[in-house]
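These are the residues of each chain, in order.
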Amino acid sequence: MQILAEAEDLPKTANIRTQLISLWSVPIFGAILLVAFAAFPGFFPPMSPDMPANQVAAFYRDNEAMIRFSMITFNLCGIMLLPMFMVIVVQMKRMATQSHAFAYCYLTAAVSGATLFALADIFYLTAAFRPDRNPELVMLLNDMAWIIFIAPVGAIVAMNLLLAAAIYFDNGPNPVFPRWVGHYALATAVAMAPAVGAAIFRTGPLAWDGGVSFWLRNGAFALFVAVMFFVLRGVLQRQAVDEGVAR
Amino acid sequence: MSSAVSTESAARPVDPGARPAGKRDVWIVFWIVPAFYTAFGIIFFALARVMPPPRPDVTTDQMAHFFHAHATTIQIGFGILVLIVGGAGVANGIVVYHIKRMTVGSVLGYAYMGSLAVGALPGCLLVAFCFLTAVYRPDRDPQLLALLYDLGLLSYVGSLGCFTTAWFAFAIAILYDRNQIFPKWLAYVTVWQIVTEILAIPVFVSKAGPFAWNGSIAFWVGTVVFGFWLSCLIVFLKKANDLQPADEAPLP
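Chain order of the listed sequences is H and P. Each residue of the first sequence is one higher than the last, beginning at 1 in the working numbering. Each residue of the second sequence is one higher than the last, beginning at 1 in the working numbering.
If a hint is listed, it holds; no wrong ones were tucked in.
Okay, derived cross-link-like pairs now, SDA-like style, lysine to any residue, Cα gap no bigger than 20 Å in a straight line:
1. P:Lys-238 / P:Asn-179
2. H:Lys-93 / P:Ala-111
3. P:Lys-23 / H:Pro-175
4. P:Lys-207 / P:Arg-55
5. H:Lys-93 / P:Trp-27
6. P:Lys-238 / P:Trp-185
7. P:Lys-239 / P:Phe-36
8. H:Lys-93 / H:Thr-18
9. H:Lys-93 / P:Glu-248
10. H:Lys-93 / H:Glu-243
11. H:Lys-93 / P:Leu-251
12. P:Lys-23 / H:Ala-96
Since the hints were made in silico from the structure, they are not lab data. All of these numbers come straight from a predicted model, not from anything done at the bench.
Model the full structure from these sequences, guided by the hints.
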């Protein structure tokens with residue numbers, strides 16, 4: 001985006017710039033998170049919930065270094081995706097044809113969802129911290145790690161429903177988002193919702209290592225973040241042009 | 001910058017360039033509040049058996065038996081809760097929205113939002129994860145089931161501060177507001193919510209009696225006051241929606 005020279009020092013220019021910085025945290029930290037994901041020894045294939053306790057303990061004992069590398073990276077960089085969701089909040093608040101109740105609900109749900117995203121890695125790291133613990137205890141930590149990592153999709157489901165509703169109601173002459181983004185947000189919510197089954201089922205596609213709970217859920221989320229990066233880049237470009245900040 | 005200052009008042013004039021906000025979105029969000037709390041009540045009372053809470057003064061085997069006896073309903077109830085918990089964000093967001101319409105500035109609305117967004121984890125999700133983990137493997141060592149029992153119930157009944165902060169912000173906002181978004185007496189009901197959080201402090205110490213986590217004072221007084229407060233809140237949220245002018249400009 002080319003910022004106009006005469007708009008260089010205006011507050012509205014800074015508003016665009018800070019959103020761009022928040023947005024560009026996605027490719028940088030998204031790439032780091034993909035590396036952390038690929039590095040976790042228990043994701044390819046995902047660990048089976050049917051592993052007996054002594055095998056779970058052995059997994060943490062044998063893979064200490066990579067588990068730590070992967071989960072410390074998640075810990076440090078996972079919440080760096082939050083600024084992008086805050087760009088979505090700011091853009092929802094630009095919608096002229098509604099009250100912004102959706103935006104505040106979205107913001108509240110985003111914060112709650114982030115607390116859970118920030119929690120799961122601690123359980124993996126605690127299990128890896130003293131793998132010589134009683135295997136029953138390592139398995140308990142492992143269960144909680146997986147359940148808290150995979151199952152709590154309620155926040156993102158609500159966020160995407162709110163985003164979709166806001167986009168559908170933003171039916172003035174200058175909508176902030178293209179309308180297909182609403183359909184896409186809905187589809188992502190539908191794809192991620194069944195992953196709550198990870199807290200209940202120990203076998204099949206809904207178990208935490210299953211096709212639906214693990215691959216569809218994580219794939220849909222990663223794709224959503226990537227797609228929203230490009231969507232928001234376009235949205236910010238339009239905002240900058242509308243406000244006379246760029247051309 | 002002048003626009004940012006003038007928008008602090010909720011009775012702001014409509015910008016002639018902006019289309020009216022309409023109220024459909026506020027109504028949709030509003031109806032999620034009773035829907036969510038109805039589901040919440042069914043889940044916690046009828047399915048997960050967390051309300052009224054099972055006793056703290058039982059043996060390890062009795063705690064394990066609690067999980068064995070209620071495994072299926074815990075899975076159904078808390079599975080649904082984990083899926084719909086975003087509704088709590090919506091229920092809190094609509095209150096934030098109306099606090100922002102008051103004449104009290106944004107700070108209390110943001111404090112309400114922040115404290116409740118954090119409170120969702122200790123206040124309702126941690127017990128769900130503890131109970132779901134407990135019934136995930138029924139053959140787990142009963143000592144571990146007992147640990148999850150204590151952790152879940154202490155977290156659920158004993159998460160005090162997030163809610164105290166939220167009620168504090170809400171009460172102050174109502175009292176200082178001149179737009180009459182909510183009646184003043186709702187602030188005093190909200191103050192009683194703070195009192196009930198303080199009455200629940202002994203749950204971390206007391207294993208039986210009125211101050212235990214299932215006790216008449218620590219649990220039941222708080223639950224009855226919360227139920228009354230929530231009913232009032234829903235009624236007055238509806239009223240606030242009704243009274244909001246349809247052509248009010250979007251919030252800043």
